[in-house]
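Chemist: Chains W and H, in that order, give the protein sequences.
For the first sequence, our numbering gives the first residue as 417, with consecutive numbering after it.
For the second sequence, our numbering gives the first residue as 430, with consecutive numbering after it.
The set of hints was computed from the structure by calculation and includes no laboratory data.
A hint or two may mislead.
What the hints assert, rightly or not - Here are the simulated DSBU-like cross-link-like pairs (lysine-lysine), alpha carbons at most 30 angstroms apart as the crow flies: (1) W:Lys775 with W:Lys704; (2) H:Lys593 with W:Lys775; (3) H:Lys601 with H:Lys460; (4) W:Lys704 with H:Lys499; (5) W:Lys775 with H:Lys460; (6) H:Lys499 with H:Lys472; (7) H:Lys601 with W:Lys704; (8) H:Lys601 with H:Lys472.
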Amino acid sequence: MKSITTVIIGAGQCGLAMSRHLRDRSIDHVLLERGSIANSWSTERWDSLRLLTPNWQSRLPGWCYGGDDPDGYMTMPEVVRYLAGYADDIGAPVEEATEVVGVRRDEAGYVVATSRGSWHCRTLVLASGACSRPVVPRIAEELPRSLHTTTPSRYRSPACLPSGRVLVVGASASGMQVAREIQASGRQVILAVGGHVRLPRSYRGRDIMWWLDAIGAMDERYDQLDDLDRARGLPSMQLIGTPERVTVDLNALRRSGVEIVGRLVGVRDGQAQFSGALPNICALADLKMNRLLDRIDAWVTSMGIGGDIGPPCRYEPTDVGPRPRLHAELGPSGIRSVIWATGYAPNLSWLDLPVFDRKGRLIHDGGVVAPGLYVIGQPFMRRRKSTLIDGAADDAADLAAHLHSHIAQAAA
Amino acid sequence: MTTTATPSIQTTINNGVNVAALMGAREALAKAPAAARFTWRAKCDWLVGTHSRSAVSGFYGLGAEQQRRKTFRVEADHPHVFAAEDQAPTPVELVLSGLASCLTAGVAAVAQRRGIQLNSVTATVEGDMDIQGILGMDDDVRNGFDQIRVHFHIDADASEDDIKALVAQSQKRSAVFDIVTNPTSIIVSVN
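Chain H on its own, in the form it takes in the complex (with noise of 0.2 angstroms):
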């Protein structure tokens, strides 16, 4: 449990963050920023139709590769309206999901940073989609959301503009809020 001093009164708040500890990495990378290179890894095998099943296992940080305590499945598919078995969410769907998981990582970050008691946080994503895209029937519409809109609803111990600022600051340092928003390079090879 970490507890943190606000200005005025001395509160316990447990999000169940350890700020401590990342402002305490985050203080060694400054002396050694090497170290903060990271290689995120799946691997995604393809099982029948549009049904796939990735495994996340270590990953490549702090100078050394990583062991995970055990290995990930995530697997994906399509709705029966696009034909398929629908035996999993789709690929845009896990993204949305990824996207919201990484913001809600962000607020309860944030706030217990900031001192903030977070009593619940739910984020509803909703991405637009015009499939004429990737079913290549218009080159004018692209394949991937041209909206996405992402609610949260949070009760916290704080005032309204102080909730407002938490799920900003968490916009600010999310990757994969970054991901979505900026470009990123991609080189896909074969064989």
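Same shape as in the complex, but just chain W (with noise of 0.2 angstroms):
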């Protein structure tokens, strides 16, 4: 067995963060990475998937977007290359082709085996991804078993569809980046809408995700919040990244002729019937969007911005329609292919210890989930951006210092 300070499982754009910071403090390390870097940007997303941050936000520890196209948004295979180049640039230590299969506890911290030997380690830090898992509601099981259904980890477009009309499920970037895609290629798509976050690309002229920034709502902290549950459990913003830097919301996807349906809530006599709460929920989206642009809006006025800032604006109410449909016949004369974009979750399945809650979520306190043992990059894990690429440099720097005096301690 290897011996080595630290593991870390995962070489994304948080495994190399910490790789960096460990590098820095003189802490000898090893990242294992079941695919090669940046593995599920490469090989779980969708063909026309870019980033839903822009370039200059991509700041790692020591590494940033050089490009001549700051505002633009990263195809996959440029984040491959970008996280890539940054592995080079930091010379982490990666062993590529190696998947953990099993990680326990003994005395002195923990072994994880993988499929090329296994490692003993005195800490441990999960950065293995916060979406390595489709999350699929129990609901799927009812659905007709003909339909053809996929997760938006597998989907790569619409060609590899069956003709025919598609149920996508779930209104978040995911949901309705997809259903956007399917529709312009023909298909009939039905996008069932649960609780989701509304945004606009752009607002006043500048990004949206560039006002988060400024007005500090990104490095909120964990340890600040009312109910962490609550933001942790919060869906993704419905951002798409476009060259064109479009704003994709229900009204534009409705306008291109999406169908707009409540959340998916049972499936009987082969009709997939559809909750009547959408008009409330798509009501709470524009409430809470416009709270925000009240927000950026009281900020600007605050710092006494002026330049380029465009004036104030506010738009036009979700509008689903007189009556939105709550049933869809499933089958050869309906809907034919369900797409679950119902969420992820972190595939942990190969970690072995009492650190999971009754609901199965790792528990843990800003990263911190045991003596020695850390996670990272998990939805609101420390900050607002902590998922973001933008998230890892801050979340890996306290973690590192985290890490490197419960050594010190261990040493005295």
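Please dock the two separately framed chains into a single complex, following the hints provided.
Modeler: As structure tokens, this is what we get:
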């Protein structure tokens, strides 16, 4: 068995940022990567996807975008090249094609079993991502078996779907984006909409991510919130990264022909049933968006910023139509495929430790799971930006400091 | 009386809702989620024609049988146009009244939690129905409402958007709103 101070599981932005901080602290470590660097970005995303955050915002410790399009959005091959370039730059000690199959504790730390032998480490960092496993609701079991079903992790493009109607379940970033391109491919899309976070792509002439960064929203800390569980459970922002900088909202999708319905709540007599609460779901999202825009406007006023900032505006309320349908036929003459864009969860099935709550979620305090055991890149882990590439730097800095003092205490 | 701090001023708000107790219950139930399982009951006796009377008393919750201060009675009947005696509201009107009561209670609770003083709240509810359904005249027509509209008139010390947010949050957390907007499994047995 090989022995090392720290094992980092996963060589994405979080693992690499952690590696950089450990290198700076002269802590010997290795990154175990099941595929190659930025594996999920290269193998578990659809073809047209671009980052939701602008290029300038992909800031990593000692590394930033240096190209000529700081306001653009990276394609997935660009993200992979960007992270691979970073790994080279910091000389990250990555063991590729090494799949972790088990983790257990021993007196001196952790034993990490992999497809290529075992490692012993005093400290362990789980950096395998927040989106390794698509979450599919239990209602999926009730669908007729003849339907083609998939998730955004396996979906690549409309061409991989059978012809006919497509039900996209979920209206956050993934669901909105795939609904948009499938409708454009000539298939009729029905989009089942649950709770969502509506945002314009840009506001007053700046990218919405620029505003969230500027007003400090992305830096809000996990230990300063009223309801952390709620913040951690929030769906992803309804955004798309396109060269045209378009806003993708329910009004735009509806204008393009997508049929908007409520949350998928039942399957009965060969029909999918949708919730009648859709107008309220949309009203909640509209009100919440307007509260954010109010906050941005107040910030602009208080900072006395002028120049190229545009005037305040408000967007049309979400229009779901006079009578959103409450059911739709499933099967050959109705919906023929279903895409579950119902969220993601980390895959930590190999973590054989009592560190999960009754719903199977990893318990951690700002990324500290147990003595010497850390997780990084989880929703609102230490800050609102924790799941963004831009969130890796600050979280890795905090956890590296914690890890360093843990080792020092153990040595003392 | 509960005192709630708003961001700018210290205000005393009283909508008659004990938010502290509700938040305390939420905290306690997080540690013992089994106690959150409740069973609600009603018992209905036929009187004559379409006239019936339900009795509502105990329920199960917090891990035990819970007794009420008294047994409440609710009657239902149908109006004269249905060739009935019109002794009481129709069951569908009781559903509308249940929805309005649930949403109104929610508005009060959310307002208390958010430090908003309510002066008056009125909910007006309408439900549209094509009775060809219940009369068995057309299988394409459903029995129940095809649309329900609720209009709130709220006088409160808050902005228009804050009042809209109260109503939206109340719907988000309403049991009856959920019951009427989403399917529910119903098991009916006899004798």
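Chemist: Going back to the hint list, which numbers does this structure go against?
Modeler: 2, 4
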